[in-house]
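If you want the building blocks of each chain, they are given just below.
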Amino acid sequence: MRHHTPYAGPALAATLATGLAVVGLATLGQRRARQRDLVARHPDDAPARDRRAAPPGPRRTGHAVTINRPRAELYAFWRDFRNLPKFMTAVEKVTPGTSGRATWTIAAPGGSPVDLETEVTEERDGELIAWRTLPGSAVEARGRVRFRDATGGRGTVVDAEVAYDPPGGEIGRWVAKLFQREPGIQGRRELKRFKMLMETGEIATSDNHK
Amino acid sequence: MRALTWQGKHDVRVETVPDPEIVNPRDALIEVTSTAICGSDLHLYDGVIPGLLAGDILGHEFMGRVVDVGPDSTLRKGQRVVVPFTISCGRCYFCEKHQFSACDNSNPVAKQDMTEGLYGHAMSGLFGYSHLTGGYAGGQAEYVRVPFSDIGPIVVPDGLEDDKVLFLSDILPTGWMAAENAGIEEGDTVAVWGCGPVGLFAIQSARIMGARVIAIDHYPRRLELARQLGAEVIDFEQTSVLEALMDMTGGIGPDAVIDAVGMESHGFGVDNVMDAVKQKVGFGADRGHALREAILACRKGGRLSMPGVYGGFLDKFPLGALMEKGLTIRTGQTHVQRYTADLLRRIGEGEIDTTFLISHRLPLEEAPRGYANFSDNQNDWTKVVLKPR
Ligand SMILES: NC(=O)c1ccc[n+]([C@@H]2O[C@H](COP(=O)([O-])OP(=O)(O)OC[C@H]3O[C@@H](n4cnc5c(N)ncnc54)[C@H](O)[C@@H]3O)[C@@H](O)[C@H]2O)c1
Ligand SMILES: [Zn+2]
Ligand SMILES: [Zn+2]
Chain A
1 MRHHTPYAGP ALAATLATGL AVVGLATLGQ RRARQRDLVA RHPDDAPARD RRAAPPGPRR
61 TGHAVTINRP RAELYAFWRD FRNLPKFMTA VEKVTPGTSG RATWTIAAPG GSPVDLETEV
121 TEERDGELIA WRTLPGSAVE ARGRVRFRDA TGGRGTVVDA EVAYDPPGGE IGRWVAKLFQ
181 REPGIQGRRE LKRFKMLMET GEIATSDNHK
Chain B
1 MRALTWQGKH DVRVETVPDP EIVNPRDALI EVTSTAICGS DLHLYDGVIP GLLAGDILGH
61 EFMGRVVDVG PDSTLRKGQR VVVPFTISCG RCYFCEKHQF SACDNSNPVA KQDMTEGLYG
121 HAMSGLFGYS HLTGGYAGGQ AEYVRVPFSD IGPIVVPDGL EDDKVLFLSD ILPTGWMAAE
181 NAGIEEGDTV AVWGCGPVGL FAIQSARIMG ARVIAIDHYP RRLELARQLG AEVIDFEQTS
241 VLEALMDMTG GIGPDAVIDA VGMESHGFGV DNVMDAVKQK VGFGADRGHA LREAILACRK
301 GGRLSMPGVY GGFLDKFPLG ALMEKGLTIR TGQTHVQRYT ADLLRRIGEG EIDTTFLISH
361 RLPLEEAPRG YANFSDNQND WTKVVLKPR
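Those protein sequences? They're chains A and B, same order as listed. According to the numbering used here, the stretch in the first sequence is residues 1 to 210, in order. According to the numbering used here, the stretch in the second sequence is residues 1 to 389, in order.
Simulated from the structure, these hints should not be mistaken for lab results. Wrong hints could be hidden among the right ones.
[Unchecked claim] Below are the EDC-like pairs computed for lysine to aspartate or glutamate, each with C-alpha atoms no more than 16 Å apart in a straight line:
(1) A:210 <-> B:21
(2) A:210 <-> B:19
(3) B:387 <-> B:142
(4) B:97 <-> A:45
(5) B:387 <-> B:366
(6) B:164 <-> B:342
(7) B:9 <-> B:46
Make the full structure from the sequences, and use the hints.
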């Protein structure tokens, strides 16, 4: 398109200049990107769940919290699964079965509660508890909570992680919602409530009524 | 019960609300005998701190009698207590370091998300100070539910009347911590911006710690109170503050500067007018004229103590001056519980008097009038104490 006004000159020049600048930036950007690609990347020391690009396989969400209590005490409290509903708001009840199995009763928003059958897949006293849902459950998930001494006598670092396949079916959809709505928030809140309960004996609330 | 509720900007009302109950094992219920309006409440009144909901009960400076206790409270019914405005569990890493306003466990979990986004971390719960700090009902009410009552409240002897001890809840420790944060050394001159309650108590504390103090404000009555506490004064409306401070310190500048003004600085400097406009249109900008001036005035290698409250972002912050001059900043919501016992002793021994500050005592029912005047007639209304009955 041609401009016939006397002002076209400067306007065109400006457009061209901006265009050139953009081209310049683009080349610079490409050069940077090329340089970046030439640098071989080594895995860093952060948990895999914090990668910018999610690794293939099940989705992971998890958090770490430091709790000013001894490792053995925290481990024992968690390992007694009946305690979990005290700080996991979505879990109504956990009924332990035999040989590391347990039934988690999860509150369904507006519907009747759903039971998930789980089993412990690994446990190391005072260090680690890992579990998974049994095949055929409404969701397929694996969880793992680790306990290690914090530096400088600050207590225990508790790191909890859940890996799950995006579930299918009707139930799967709301469970997915439960886990995925604001990814990770649910888990972070649960760990904080666990910390409050263990450190202070109660869970803080600003409600003035029970 | 009756309580002062926030309804919106410049709209506070005394309403009838449900009485609080004991909820958690370490709770206590306090019947309030005295409660004050704080400069921090004015930031809420002016709508420049986010996170308030209509109907929230305000007030974080209060004291009263224990009327009920949970099974794990160490208080007894009938005891007279002053309650710190910071709610702290006493058992987390931060409480053990006596950084009570950084308590990990008093801000309810669901409320922490907001501040984690805004500040990177959630701070402790505070009474009556927006949902960013927990959404706890405040003390400008007949009754208050006090969590972690075995850690915060300090029992006061019956011989010391309310007016003498009420300010242990906030502004007295705040002034003290402000002076402590100034790192006062032998022969130091400390300049204090703002002669409101916080500034005046900072002046009093800095004098006790041995500093020469220069106080800055524009209200004659407040400057007079500063002078009575032993400060030299500068009225920023009649005098150029930076030049005066240089002259009064032999060209060196104050060794430490204290910003006891906060995010609603007065003044008609170009920077402040622009900040004020942005604050009005909800740009999320704090108004920081006093803070900028304090940084420019401070001597090379000096200290900046900042009790004044800021909520968000500040434009044109003189970061270069701060870095190039090598200043040290210390700030924060006050770690009240760290100071109450020592300050109560000083009050008991007559070293510290707090009653000079109180200009008005009103029934709780007249709290809205107290807010309007503490906000708009600052010269004469230096501190308002409310009486629920
Ligand atoms: N850190 C804490 O824990 C804590 C506790 C209580 C209060 N505060 C904060 O401290 C600040 C002061 O509280 P207050 O109760 O004294 O409030 P206030 O509003 O009564 O006093 C502020 C004073 O600053 C003066 N001022 C305003 N602009 C000024 C300027 N440019 N130069 C010099 N003086 C100026 C005003 O004239 C006024 O006298 C507020 O920001 C408040 O939120 C902090
Ligand atoms: Zn206050
Ligand atoms: Zn704490």
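If you draw a straight line from the CA of residue 9 (chain B) to the CA of residue 46 (chain B), is it 16 Å or shorter? Holds. Residue 9 (chain B) to residue 46 (chain B) sits at ~5 Å (cutoff 16 Å).
Taken at face value, is the distance from the CA of residue 21 (chain B) to the CA of residue 210 (chain A) at most 16 Å? Holds, at about 8 Å.
Does residue 45 (chain A) lie within 16 Å of residue 97 (chain B) when you go C-alpha to C-alpha? 29 Å, violated
16 Å limit on alpha-carbon distance, applied to hinted pair residue 164 (chain B) and residue 342 (chain B): Holds, because 14 Å separates the two Cα atoms, which is no more than 16 Å.
Check the hint pairing residue 387 (chain B) with residue 366 (chain B) against an upper bound of 16 Å on the C-alpha distance. 9 Å, holds
Satisfaction of hint between residue 19 (chain B) and residue 210 (chain A), Cα-Cα up to 16 Å: The given pair, whose Cα atoms are some 12 Å apart, holds under the 16 Å limit.
Against the 16 Å threshold, does the CA-CA distance of residue 387 (chain B) and residue 142 (chain B) hold or violate the hint? 9 Å, holds
The structure fails to meet hint 4 from the earlier list, while all remaining hints are met.
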